[in-house]
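Participant: Given the structure of chain F, go ahead and fit chain Y onto it with the hints provided.
First to last, the protein sequences are chains F and Y.
The numbering of the first sequence is our numbering, which starts it at 2 and goes up by one.
The numbering of the second sequence is our numbering, which starts it at 2 and goes up by one.
Copies of the same chain look alike in the list, so a pair counts if it fits in one copy or across any two.
For lysine to aspartate or glutamate, the following DMTMM-like pairs were computed, each having C-alpha atoms within a straight-line distance of at most 25 Å:
{"#": "1", "residue 1": "K119", "residue 2": "D49"}
{"#": "2", "residue 1": "K66", "residue 2": "D124"}
{"#": "3", "residue 1": "K37", "residue 2": "E130"}
{"#": "4", "residue 1": "K37", "residue 2": "E71"}
{"#": "5", "residue 1": "K119", "residue 2": "E81"}
{"#": "6", "residue 1": "K119", "residue 2": "E71"}
For the record, the hints were derived by calculation from the structure and aren't laboratory data.
Protein chains: 2
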Amino acid sequence: MSLDAIPIHVITPPAGEPGLTGNAPPLLRELAEQVKRLLETGESSAIDLSALPLTPTDLDWLHEKLGAGEIAVTLQASGESTLNETACPGIWWVTHRNEQGAVTSQFIEVAFVPELVKAHPQDVAIGLENLELMISDL
Amino acid sequence: MSLDAIPIHVITPPAGEPGLTGNAPPLLRELAEQVKRLLETGESSAIDLSALPLTPTDLDWLHEKLGAGEIAVTLQASGESTLNETACPGIWWVTHRNEQGAVTSQFIEVAFVPELVKAHPQDVAIGLENLELMISDL
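For reference, chain F alone in the conformation it holds in the complex (with noise of 0.2 Å):
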């Protein structure tokens, strides 16, 4: 048999990975807003990644396009949050977990810092009263 004879069938790759819908690219765009945004008004902003149309194949696009930054959060409370800089510093990924370890929602958060992470100050407050409480008792 010569090789003439193999048929040859031409595979045209299709014009996205399977299980990208194309609601991802626009998602990015809204982000470098938010950022300019950020940056010129300090107004932090968030996008409910639950609320819109992605499908897992989207959101590993997006995961991967935005990168890993240095700072990773976890904070429990009722189930684990996780609060991952991205490789773009200001743009957050923020993913709520229940008791049982199932994702319940995820945002990505462009801020200096997420607002989760900060103290706030009527914690502090009642902080500031327990420990005078226990520096009393010593």
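Facilitator: Here is chain Y on its own, set in the frame of chain F:
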């Protein structure tokens, strides 16, 4: 042999646990002052534990008194740093390690959020340029 014949030695407990120098309790009082200042003026502060005459037992005692909070931050930058909220909101236990994992310094920071966790505007601006380049290549 009657019970009366058993020699009884009354052991007086030592004044403090061995290894406790007595230098740690004043630190708690200093921290309470710093938290008060944070609430009143917003001013952050830090105590460099490596610069104080504290034994490992003193540090364990302080760690135990301050307790563990809900937020834990890791920062990867030529060695891992951990910035852990204590049970007193606004008080963070900060440990810096070198690339070999050895502790290089320890601080107690009093702040709504530790300075190192915040994205710096100039890094955000550089990140935005990279993001815009990435978008133009899509």
